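Student: Construct the complete structure from the given sequences, taking the supplied hints into account.
Numbering (the working numbering), first residue to last: 1 to 934.
If you are wondering where the hints come from, they were derived from the structure by calculation, not from laboratory data.
Remember, predicted model here, so these are calculated numbers, not experimental data.
A few of these clues could be false.
As the list claims (entries may be wrong) - Pair by pair, the computed Cβ-Cβ distance ranges are:
{"hint": "1", "residue 1": "L273", "residue 2": "E327", "range": "21 to 29 Å"}
{"hint": "2", "residue 1": "N818", "residue 2": "R219", "range": "37 to 45 Å"}
{"hint": "3", "residue 1": "G299", "residue 2": "A517", "range": "53 to 61 Å"}
{"hint": "4", "residue 1": "Q174", "residue 2": "R12", "range": "33 to 41 Å"}
{"hint": "5", "residue 1": "L927", "residue 2": "A544", "range": "15 to 23 Å"}
{"hint": "6", "residue 1": "M883", "residue 2": "I541", "range": "23 to 31 Å"}
{"hint": "7", "residue 1": "T298", "residue 2": "L434", "range": "51 to 59 Å"}
{"hint": "8", "residue 1": "T450", "residue 2": "L17", "range": "25 to 33 Å"}
{"hint": "9", "residue 1": "Q636", "residue 2": "A544", "range": "49 to 57 Å"}
Built from N, CA and C at the ideal position, the CB exists for glycine as well.
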Amino acid sequence: MIDTLLKFALKRRYLMLGLTLVLVIAGVYNAQRLPMDAVPDITNVQVQINTAAPGYSPLEAEQRLTVIIENAMAGLPKLQYSRSLSRYGMSQVTVVFKDGTDIYWARQQVAERLQTVRARLPADTNPTLGPVATGLGEIFMYTITAAAKARKDDGTVYTAEDLRTLQDWVIKPQLVNVKGVTEVNTIGGYLRQYQVAPDPARLIAFKLTLDDIANALHRNNNNVGAGYIEQRGEQWLVRSPGQLQNLDDIRTLIIAKRDDAPVRLQDVADIYLGKELRTGAASLNGSETVLGTVFMLTGENSRTVAQAVAEKLRDVNRSLPDGVSAEAVYNRTTLVDKTIATVQKNLFEGAVLVIVVLFIFLRNIRAALITALVIPLSMLFAISGMAINKVSGNLMSLGAIDFGLLVDGAVIVVENCLRRLGLAQRTTGRLLTLEERLREVYQATREVFTPAVFGVLIIMLVFLPIFALSGVEGKMFHPMAFTVIAALAGAVLLAITFVPAAIAIFVRGKVQQHDAALMRRLKNGYSVILSYSLRHSLLFIIGALLIVAGLFWQGSKLGSEFMPQLDEGDIALHALRIPGTGLEQSLQMQLLLEREIAALPQVERVFSKLGTAEIATDPMPPNVADTFVILKPVSQWPDPSLSKAEFLTLLRQTVSAVPGNNYEFTQPIEMRFNELIAGVRSDVALRIYGDDLTELTKLAEQASAILATVPGAEDVRMEQTTGLPMLSIEPDREHLALLGIDTATVQQAIQTMVGGTQAGLIYQGDKAFAIIIRADESLRSDPRQLKRLPVALPGMSDDNTELTYVPLGEVAHFNEINAPNQINRQNAKRNIVVSANVSDRDLGGFINETKQLINDELALPAGYWLSYSGTFEQLQSASDRLMWVVPLTLLMILGLLFSALNSAKDALVVFSGVPLALTGGFAALMLRDMPLSI
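Tutor: See the structure below:
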């Protein structure tokens, strides 16, 4: 078959050049649509179930929501595992399916199971599925800010509530329609609310209750349709509008009649535009802001979508009021472009180096150019294969291509063709005819077919074990293996078709077949070494064996890691405060921290997300903030020679001087990688499983102390599961029974006055804002005043005017307690996490030492156990898989050598190059103090 292909290439040589041109056109076309990214997306197939439960403690959220939903998901087809998080006011269950599961099918299965348990969930809760996005779907972030001189139409300055309204009703609707965008998440600012703040004293004076206010709002805020009537042959629709339009309508609403005079709502309550009880905030360079995060739809390309969003955002700014702007603060395109530039630089420099070497050694510029053309042609061949198979171009896939390997076969073919053409010219004493050139090229290619093709096939075979990897490691490395094999396949095909045809067509003149001066020197030196080694063969064999044994022994001491760290350029900083820190207090501390970071001359900007956003894809308590530090180009630093590691040390010193915070340092994508792999943001996570939260906390504290002693451990911390301050207002059932009041009446009064109750909507065009009944901030935040909150007693007179009240403090006990801050579960079992980052040492060695110390020093009670998670899991999984795949591949290579050489002895002699070559790899790693990686 190969011989036939070679004959066809030489006989139809111009057609072959035409087919090569078609390959170029197809490659250029596919390069335009090739998805580009920084790294492969390793996201597993997961579906998030988020449930907002305002007022629920973590224990209540776990009991009433999380456990029920978890049990409903158990037994789902293709289910791998589930994990959950219960925090104040919310529950999140993450259901992870096996790789290869269709995400839409998985979401349908989860939705169907949810329907079966909705009746068992509290009536005021509504579980929703997270967006159809991967873990790396956060591709674009922007902030909405107003200039200092910007004013609204009424002359007032823009507030955080105004900016949030613009985000929700102007900016978000436009961005969410960009192709490839599945969701735009918002954090920061305040939702606009029309707040009705009852005054208990005035309610008593007019003998009214909170129910009277709620009923009045509900019954006086509706538009009603009454069908139609016919008049003079026309159909007239009948409507009765009664909807409230503004604050004045709410204020003048009549809720009762006392002494023949109407009692309006403004008589018993203050009505104003209030602020929501928000769960999250955002900041930029030390000032509060509104932050939008764009999520990419699963399967889309981050670079393409991010570019489309950035372009759309420029259009959106034209629709914003004067002085208000939406500016990008994080754009995945920046990192992707940096990655592409790095790959292009490496590829270009590699290609130039190969071409120079080819010219030096071949001494024929036409032959060198023909050989060099194999590089771009093989790349275009591989790119077409990547585009067809939807393999993204990234640092892993494109960066793994070695041009020396691509031209290996072509160099052998070209060199032998030149040798035979030169020899034939010297024999005939004249230039060869076309037929003679074709014959010589044909014979030359056939002579070296076995070494040219088999050498490349063996290299391709080396990459096959990578396809045996599964899970995260498979998603990480499969694109690299596919790209390299595709490029090598293209190189082999070109070496036996295009290259011989091009040599026959273009190498027509006199062929000088003599070695270059450099090559002669190399050959002379090699002859001396070869002669000496043949005379002392036993000495060389023993020396080689000793070197192999010594370096393999040293290599066994090398550390190990999953993969080298990608420098994303930017830094992600996880800032943690004491559990129970309020959102406003945490925000003020964060603004101070940002100002310190922004003052560093290397920092371009710094922005943060505190607490939980509108869509709880990444739920955090108010005391935790994700801080993104975007750095300037190194050329703009005061000292461009400062390394990233040295700047990180400077940053640690800067933030350590800010009191009240603990920190974890990582990178934006790396942080998300770790979350996807282990559900935490650090390199290593130690999970302790058990039932009692107090015992789990005690064990976690001991484990944290042990982990902190392991060399290389940084940012060691125990998950903040305790210390949530809570005011528990517990109804006195016996006292309530004597007064004839049920518990629900007391609880409803507390809920309305403290948390707030929605009593309708106000519509302004296409906008809708809630009407909330909630006590004024000065009353609801003061437990002493809450104790004086009047609770109406039953037994009013027939005219509904005689009401008796009892203070809330007389029928309820006010207890200040510390409750759990959050409750983690995995596979339906409670657990607590101790996490750490690893610095200045290998991950494998760190884990082994940690396991040994934990086993020796941490005593676990009966019913408690622990597990380790993090990137080392992928290292272990990949290592286990490669332990049997690599030997199998080596046997296949040995078989390939035997089939080529027809001699077991010769095959073993050639195969000895494998352990001998590995010595160079081990030596290089040891010289650079680098660990082994997958």
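Student: Would you mind marking each hint as holding or not holding in the structure?
Tutor: Hints, one by one, checked against the model:
Under the hint 21 to 29 Å, the C-beta atoms of L273 and E327, about 27 Å apart, fit the expected range. A hinted range of 37 to 45 Å holds for the C-beta pair N818 and R219, which are about 43 Å apart. A hinted range of 53 to 61 Å holds for the C-beta pair G299 and A517, which are about 56 Å apart. Distance hint check for Q174 and R12: the Cβ-Cβ separation is about 56 Å, which falls outside the suggested range of 33 to 41 Å.
In this structure the hint that L927 and A544 lie 15 to 23 Å apart at CB holds, the actual value being about 20 Å. A hinted range of 23 to 31 Å holds for the C-beta pair M883 and I541, which are about 29 Å apart. Distance hint check: the CB atoms of T298 and L434 are about 57 Å apart, consistent with the given range 51 to 59 Å. In this structure, T450 and L17 meet the distance hint of 25 to 33 Å, their C-beta atoms being roughly 26 Å apart.
At roughly 51 Å, the beta carbons of Q636 and A544 sit within the given window of 49 to 57 Å.
Hint violations for this structure: number 4 only, all remaining hints satisfied.
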